[in-house]
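**Student:** Sequence:
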Amino acid sequence: LSLTLAPIPAHGQAWLPEKGTWSVSFDFTDVLNKKHYNALGTEVDVGHTDIQIFSVGGSYSLSDRVQLSASLPVVRSRHRGPGGGGHSTEIDNGQWHDSVTDLQFTLHYQVADGPIGFAPYIGIVIPTNNYVSFGHAAPGRRLDEYWVGFYVARSLNDWIPRTYVQLRGNYAFVEKVQDISHDRSNAGLEIGYFINESLSARAIITRQWTHGGINVPVPLTSPLFPDHDRLAAEELTNVGAGLSWNLNDRVSFYGLYLQSIDGSNAHKVDHRFSFGVNYGAGGH
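Quick note: the sequence shown uses the working numbering, first residue 1323, plus one each step.
Calculated directly from the structure, the hints in this document are not laboratory data.
For glycine and all other residues, C-beta sits at the position ideal for the given N, C-alpha and C.
Do not take every clue at face value.
As the list claims (entries may be wrong) - So the derived label-pair ranges between C-beta atoms look like this:
no., residue 1, residue 2, range
1, Asp1435, Asn1537, 23 to 31 Å
2, Lys1498, Pro1437, 26 to 34 Å
3, Arg1529, Val1433, 31 to 39 Å
4, Asn1537, Ser1477, 17 to 25 Å
5, Asn1452, Gln1417, 29 to 37 Å
6, Asn1518, Ala1603, 19 to 27 Å
7, Asn1452, Ala1603, 34 to 42 Å
8, Gly1342, Tyr1515, 51 to 59 Å
Required output: the full structure, derived from the provided sequences and hints.
**Tutor:** Structure, rendered in structure tokens:
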């Protein structure tokens, strides 16, 4: 779920900005899930889920090598159609429900900033309230997470002018539920091209693996049923593309489209559209 909902920042996270640089971003994401993937990867229709995420984020460079960032989403969600699977809860009553969900902090460190950029990071995800975590339209899992990850990127300008490739890896230590471990790994590959000084395009593929967890669905009589949404051993592959436009040195706009191509124990993302604006200043 984190991979599906979390805002995806503009490219270049392997190269951090100068000391004193700060930025604020506002992001809107619209997600439609028409089907689920079961444990075998088969698509199952148990109603449609609409999700809208309004997110605000910010970052500040403490030095030329250290950057602190934070983000907070407000999630609107609804489920349409038959509930199925015992999800006869208020969150799935067909109405829109709003919730502030999880506050995220990350601390990045620049190890290498030449033609090859390398920036590992650590992060923490903290639920802000006791929001609903059971149901097709649940806005999140309401679990603490601790992240260890990295961005590594390489300029391909020597071979393909104005092109770069970037890889992100992330391991999340997720709070156990009913004493069951369900940590998660995420990876993302991005290839970008600068059309001109202001406009760039990128293609993205992302993958999520769950280490532990459970297969879904589970019987309604199982003691795991009340927590099966939180414990699902989600595997998911998404592909997409996006554009970024720098209006000037301070303001940039970006858009991104993603959809799922395979998975198991997860919602299938039929479409995800993200639009955002970033304002930044400072630096040397």
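**Student:** Quick check: which numbered hints come out false for this structure?
**Tutor:** Structure breaks hints 1, 2, 3, 4, 5, 8.
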